[in-house]
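Q: Residue numbers (the UniProt record's numbering), protein chains in the order written: chain H, 1 to 324; chain U, 1 to 439.
Check each hint, because a few of them may be wrong.
Unchecked claim - In silico lysine-lysine, BS3-like type, Cα no more than 30 Å apart, as pairs:
| hint | chain 1 | residue 1 | chain 2 | residue 2 |
| --- | --- | --- | --- | --- |
| 1 | U | 231 | U | 414 |
| 2 | U | 185 | H | 96 |
| 3 | U | 436 | H | 96 |
| 4 | H | 96 | U | 413 |
| 5 | H | 96 | U | 429 |
Stated by the list, open to error - If you want the footprint, here are the derived chain U segments under chain H, 3+ residues with CB under 8 Å:
| hint | segment |
| --- | --- |
| 6 | 74-87 |
| 7 | 306-312 |
| 8 | 407-417 |
| 9 | 424-438 |
Please keep in mind that the hints were generated in silico from the structure rather than gathered at the bench. Backbone N, C-alpha and C fix where the C-beta goes; we use that ideal spot for every residue, glycine too.
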Amino acid sequence: MTVTPATPSPPAQTTPAQTTTAPAPVPRRRLNLEPYLYLLPHAVLFFVFTVYPIGYGLYISLHRWDLLSGQQPFVGGEFYRNLFTPGTPQFDFFWKTLWNTTFFTLVSVPLLVAAALGLALLLHRPIFGRAFFRAVFFMPGILTVSVMGILWRWLFDNQIGLVNAARDALFHAPPIPWLSTEGLAWVPIVVGTVWWTVGFNMTLYLAALGNVPLSLYEAASLDGATPWQSFRFITVPMLAPVTLFVVVTTALASFQLFGQSLIITNGGPNRSTQSVIQYITEEGFTNAQYSSAAAMGFAFGLVMLVLTAAQFRMMARDVREGGA
Amino acid sequence: MARTTSPRTAALLALLALGTASAQTYSGPNVTLTFLHGFTGPDRPVMEGLIKKFNDTHPNIQVRAQAQPWATTWQQLPSLVASGKAPDVTVINEDQITGFIARGAVSPLTPAEMKAAGIDRSRFFGPLFATADYQGQSYGVPVSSVAYVMFYNKDLMKKVGLDPAKPPRTRAEFLAAAQKCTVDKSGKTATQAGFDPKNLDTWGVSLYNNWVGSRAAYAAILQNGGSMVDKNQNAAFNSPQAVSAVQFLVDLVQKQHVARPNSTEEAELAAFSQGKVCFFPSGQWYLDRFEGQKMNFGVTFLPRVGGNVRDAAWGGSSHLTLPKQRAGYDANKRRAALVFMSWLSQPAQNLTWTSTGSLPTQPAVAKNPQFEKAAISGIFDRLNSVYATSGYPWVGQVMAPFDQAWEAAYLGKKTVTQALNDGVRESNKQIEQARKNFR
């Protein structure tokens, strides 16, 4: 960046040069076409794998759809109405599992953001074994969800889990039936998810911390700021854009909860940890109610869109204000 | 067809002596068949070996097999059939087959076709073959079978004074044996005063809360003369017979204290492996594991814990089927496909297939001397009483609420009656919706 001050004059020269060599209006049409040609490969993929499936999904959700059936009658909003008609299985379970998923998001996002920031603050400092610990916290993220799920199911098993064994060995405490008690069944899922994914957020925060100018801290300490004040009034605002990114992506990822609760508790007990995606899958592929599942997919998508937009607006304002 | 008398075929025919019927041959022009199946695990090479053998012995039929995960096939089959690109032969499992039949994805096998191909249903275990029946017609031939069984620890039984050569068969025998096996840390058994069910050293039976655990309840209901659905195919697993059968199992936990509450399949599996529990009802697929551990164990059919109407256990099975093809489909292909199905389900091939851990699909194979010393042969006398979840198009809509009901009852969250009633209510709501798809 320090070399650039010498270059203001060349642009002044090149601009007229370009205009003189630029051909007359005729090729303008060619110029218009070219960018679209570059976009074409992506556009094809985008239409084939995004736009078309969404449109087809919408079609499915509005018809009683079964490829094997000769006719696929139009049923309009019937499958959407089911979601708002008390007494239908969809009314009972869609909202229940949507709440389960929301609950998981509300609990796991603050943990995943706070733990990631805490770890990043610790590992940003030149402590002994820094690279090793960074690797240790990042590493669980490379496991597949099945490995992670089985591991945490074992740790929290009602009878043979390490957690209950440790409670017994240390405190002679009776075993807790983690996996089959409503409420408690969330513990292995949430703790496991934090352990599994915190490393990615931590890495983002580490990168962001590296970009905070040290001069700000130096100036603050000259003014007599305490470490807490430095953190509160320098670190937090400087990290605001990254925090926005981390919160939004983590919330979206949390809403997509599926594998962890499927493997650790299979949604139980009494569907108390069943995620909305697991329920949609059950409706589609266990019950062969494709149209109903498609309708729920759209309803869920809409809910997520609204939540994300709201979150984005709220946090983007904070970022602007914090940055100003 | 002079070629069919090659030495290899002669040897094959000799092998068939352990069965009765022999597969008919196909004498039409050369055809190539596509065969889609889900045997993607260690059973895959065995299936590939069988197909190679078939291709070698049937020069005018070439079978091209494709293995892919079952769930992928369930998702693809409708569009393959709808677009007229269905494989010539497909394997469909018991929980899916009636749904596919009812939706018209599979074509019926007429008695004349089966006779011409040498498929004789009386050769097979009756309920197993009937798994792929629907409204009086046959749609599939069983090729692979698994079942719910009861493993028992011989050493532990001996230790508590039970005869390991005589695993329990009735409800009374079972309860008595389970009580003897249940000993707390101070040495008191389940029937003695001062017995502490919270500190068990060993216990009678493994019950647990997942879908595998709920198959014990499924068996108990059938044993007591109950069924999962009524004659209109609505959920009916809350009949008095069902309530009484499931109540006995729940009482084993809550009243008799011979099974641990709040347990998981993994915990019970570990407990059985460590010699902590006498009876471990589960899938026969755990056989390998216990054999590998050099345990002194036996395998028996599930005792009649539910009631004394009949023997019953849950079973899973895979069936060779002919998907529906578009008009103008080559009749030679269908004939050849039937010959292939017949050949693959013959005793000699079924015997080979049992090396994958599958159970015999027919008595002729179960009688093979190869099994005499095998632990699994302990269930062979009652293989004819293995019942799959099949026969109605909405197996998912019945079994998922049933599994939930078992979980609630086993964990003590609801009474048995309430749990089963709630399950049936939920199931029937879903069946009512599913019916609209089958008009």
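Q: Confirm or reject each hint.
A: A quick look at each hint next to the structure:
no. : hint          : result
1   : 231/U / 414/U : holds, 28 Å
2   : 185/U / 96/H  : violated, 42 Å
3   : 436/U / 96/H  : holds, 25 Å
4   : 96/H / 413/U  : holds, 18 Å
5   : 96/H / 429/U  : holds, 17 Å
6   : 74-87         : holds (count 6)
7   : 306-312       : violated (count 0)
8   : 407-417       : holds (count 4)
9   : 424-438       : holds (count 7)
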